[in-house]
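Q: Sequence:
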Amino acid sequence: MKLKKMLGFGILANIIMATIFSLYSYGNNKVVATVSTVEINYKNVEDLATKAPLVIKGKVVDIKEVEKVVYDNAKGEDEDFDEIIYTNKVFKVEKVYKGSDVKSGDEILVRILEGEIDDVVQHSEFTVSEGESYVLFLKPSVYPKKDGAYAIEGGAQGIFEIKNKSNKNNISSQEIKVVNEKYKEIESLDELESTLENSLNN
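To get my numbering, take the position in the sequence shown, counting from 1, and add 183.
Each hint should be verified, as a subset may be incorrect.
The calculated DSS-like cross-link candidates involving lysine-lysine, where the alpha carbons are at most 27 Å apart (straight line), are [stated by the list, open to error]: (1) K367 to K242; (2) K346 to K286; (3) K346 to K251; (4) K367 to K247; (5) K242 to K322; (6) K275 to K365; (7) K360 to K286; (8) K251 to K278; (9) K365 to K346; (10) K226 to K278.
Derived from the structure by calculation, the hints contain no laboratory data.
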């Protein structure tokens, strides 16, 4: 009898927790989605660098408008989603590894598949925060329009977050960590830059 009471309490507790979660998820009337942008699965950074027409190190200096694009399948716009949210982020270029269209000091617009409009919240597979620096593998953005903006080649594969938590002056690139969920074997900016130099000069 005691066992039955314990089992009954456990089932009831699970039902209550599920109800609370449902109310939290749907009570605010927001639809939350995570969008993946991986078109090609690159086996290594060398292949990614060869494909991307522009590779830079840059810092997010501004976040521009959020856009929602509604795709019309009747017009042959073959998309996986009926609508997609883009956030336009401004990067100040700190170093150019590949590409001749931009130079150090330029500001470029990079279109990220994330944002919130009305009741829709869209997350990307990676976070791009204002004030932070990244190494980006870029291509011209074609959605929702061709306006000189860029998109990240390979989705999460094409962005390395630079983590410099040291307060030391004259810190070397070997001590500056980079983070990419796929290419975890590359841990420092020095390693990444060496890989890029070798692949782009061969």
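Q: Each hint: holds or not?
A: Now for the hints, and whether the structure bears them out:
1. K367 to K242: holds (22 Å)
2. K346 to K286: holds (23 Å)
3. K346 to K251: violated (31 Å)
4. K367 to K247: violated (31 Å)
5. K242 to K322: holds (17 Å)
6. K275 to K365: Satisfied, since the Cα-Cα distance of roughly 25 Å is no more than 27 Å.
7. K360 to K286: holds (24 Å)
8. K251 to K278: It is violated: about 31 Å lies between the C-alpha atoms, which goes past 27 Å.
9. K365 to K346: holds (16 Å)
10. K226 to K278: holds (25 Å)
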